[in-house]
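Kindly produce the complete structure, drawing on both the sequences and the hints.
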Amino acid sequence: MANENETVVDETPESGRSAVEIIKENSRSLRGTLSLELAGADDHFSDDSKQLLKFHGSYQQEDRDARKNRRSDGLGKHYMFMVRGRIPGGKMTAKQYIALDQLAESHANGTIRLTSRQSIQFHGILKNNLKGVIAGINECMLSTLSACGDVNRNVMACPVPMKNDKVHQTLQDDAYAIAMHLAPQSTAYHEIWLNGKSMSEAVAEDFEPIYGKLYLPRKFKTGLTAPHDNCIDVFSQDLGFVADIKNGEVVGYDVLVGGGMGKTHGKVTTFPHLSIPICYVPREDVLKGAEAVITLYRDHGNRADRKRARIKYLVADWGVEKFREVLKGYLTKPLVLPKNIQITGYETHLGWHAQGDGKFFYGVSVASGRIKDEGDFKLRTALRTIITKFDTEVRLTAIQDILICDLPESAKQEIEAILTSHGVKKPQDLSNIQKYSLACPAIPTCGLAISESERALPGVIDEMEVVLNELDLANEIINIRMTGCPNGCVRPYQSEIGFVGRSGEKYMVFVGGHVNGTRLNFMLKDLVLKSDIVPMFRHLFVDFKGKRAQSETFGDYCNRLGKDYLLTLLPAKAS
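As numbered in our numbering, residues 1 to 575 make up the sequence shown, in order.
Check the hints yourself; a few may be wrong.
[Said to hold, decoys possible] Once the Cα atoms are required to be at most 30 Å apart in a straight line, the calculated DSSO-like pairs of lysine-lysine come out as:
#1 K506 - K267
#2 K426 - K359
#3 K389 - K435
#4 K91 - K163
#5 K95 - K372
#6 K77 - K127
#7 K307 - K525
#8 K263 - K525
#9 K288 - K333
#10 K77 - K307
#11 K322 - K288
#12 K525 - K547
#13 K91 - K359
#14 K378 - K530
#15 K322 - K307
#16 K68 - K506
#17 K412 - K426
#18 K372 - K389
#19 K530 - K263
I should point out that these hints are in silico values taken from the structure, not numbers from a laboratory.
In structure tokens:
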């Protein structure tokens, strides 16, 4: 299948490096021929430029819904672009959010897609609107640089705006500091998108003090968490920081390395992996610690096979002890062993919460992260109305929801009335599986997708709600994640129930993860038709209700009893 997001020739045997490595090396610090092609009449970029475009925050895609009709009409692909923001910790002002809302209307498909990394995406952008979108994002003091590509991407941190809690503020401050410290230094971005001064081809390339000429072997994801609320899924990160809290303040971090969800169907040497505690750093050394890990990865990561290029494979192949030994050469101080700080909780932050300063924030559940107006459901208008009227700060969560901040208590009734009048349900009126569900965009925009996800999950949730209600299990917290391909953008391999696109209407079904994100799940069944998913889970839920241990979650139940036992519960057709 054509892969509009990541398609490259895997290997260049003569050099022992992947084709993307050659493209980066010859790009003149991410310039390539992007400026020339951007000004050209074609509606898409060349294959080489398509790879460089990612570093600038955009993916070249096609409208897959239109593919069949266009082929029958003798037409080529309908190219369009996705643009992703770099928003450390998901933090935005009211002015920034309203500017993004306006760009969605004027330059994209009229929707804002919240990501599972606390950012936003615009879809359906035509090439002649691409520069306008990226420039518009920068005009409101945000950026798209390093939102994609072989660099450190959007840095995550718990987004709650607790004004009387130094821990959350520290996590957000450190997330921003790491994001800025690890941002590419190339001036190509400003030249191409912001009308900066162009460098002559004869002039030496920009100096990248951290990334060097080739940048990283693959994407790199970083997140910071507090032990009591792992809402950013720290174990899924290439580089994770777990806060060491003393007397209400962050004094240091356990440094975790090697998380990553992506795998390739049929390639057993690829697999999801949870990050592992490697060392400990005092808070004042968090930037040095991050730089040490990322430069180690720069120097030792696999540049020949992109399917095994993530840092998780370096950790898995070397083992923890060798990784620590090599890391010592990159640290400026002696390596201190981790404290193995335990993760104990996970929050959605939905509904009303006191901020600690007399004001409140309100978490709005956004199904699959899609902020849109559709029929009587007008979430985009409702949010724009509230944020404009109350001039509120906005925070984005790692489960694709939005927090409206700094609200006076007197506004509670009005806020809820605005949402209700626009067809938006309050969190207390939603099922737990809806509030704890995630889906990637998949078809029609993502070229990687094998199956539907965002458009498929709502129907599965609706059917599953009926079953859980019938069994008096509606109050159970069960997190569900669906992706259209095995790359795992919404972290389906950690969830209690995971669906991974396998072939058209068929999915791999995973169970046994933990809502706190502390355990990988396991594959229960492959090639399950979407129409068979809920009937299959009815059998599991019935047994869960009757045989669960006291207060046992569904994920723990599946993990305790294991695959072989669970398969005996399914009828012959399903098992």
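K525 and K547: Cα distance at most 30 Å?
Answer holds: K525 to K547 is near 21 Å, not above 30 Å.
Would the hint linking K378 and K530 be met if the CA-CA limit is 30 Å?
28 Å, holds
Hinted pair, alpha-carbon criterion (30 Å max): K77, K127. Please report holds or violated.
Holds, because 13 Å separates the two Cα atoms, which is no more than 30 Å.
Next pair to validate is K91 with K163; report whether the Cα-Cα distance is within 30 Å.
14 Å, holds
Taken at face value, is the distance from the CA of K263 to the CA of K530 at most 30 Å?
Given that 30 Å is the threshold and the Cα spacing comes to 21 Å, the pair holds.
Is it true that the CA of K91 sits at most 30 Å from the CA of K359?
17 Å, holds
Pairwise hint evaluation, K525 against K307, where the allowed Cα distance is 30 Å at most
The hint holds at about 24 Å.
Agreement of K68 and K506 with the hint, judged by alpha carbon distance not exceeding 30 Å:
It holds: about 20 Å lies between the C-alpha atoms, which stays within 30 Å.
Would the hint linking K322 and K288 be met if the CA-CA limit is 30 Å?
Roughly 20 Å separates the two Cα atoms, so the pair holds.
Given pair status - K307, K77, alpha carbons within 30 Å
26 Å, holds
For a C-alpha distance cap of 30 Å, please report whether K95 and K372 respect it.
Since the Cα atoms of K95 and K372 sit roughly 19 Å apart, the hinted pair holds (cutoff 30 Å).
Would the pair K263 and K525 pass a check requiring their Cα atoms to be no farther apart than 30 Å?
17 Å, holds
Checked against the numbered hints given earlier, this structure breaks none of them.
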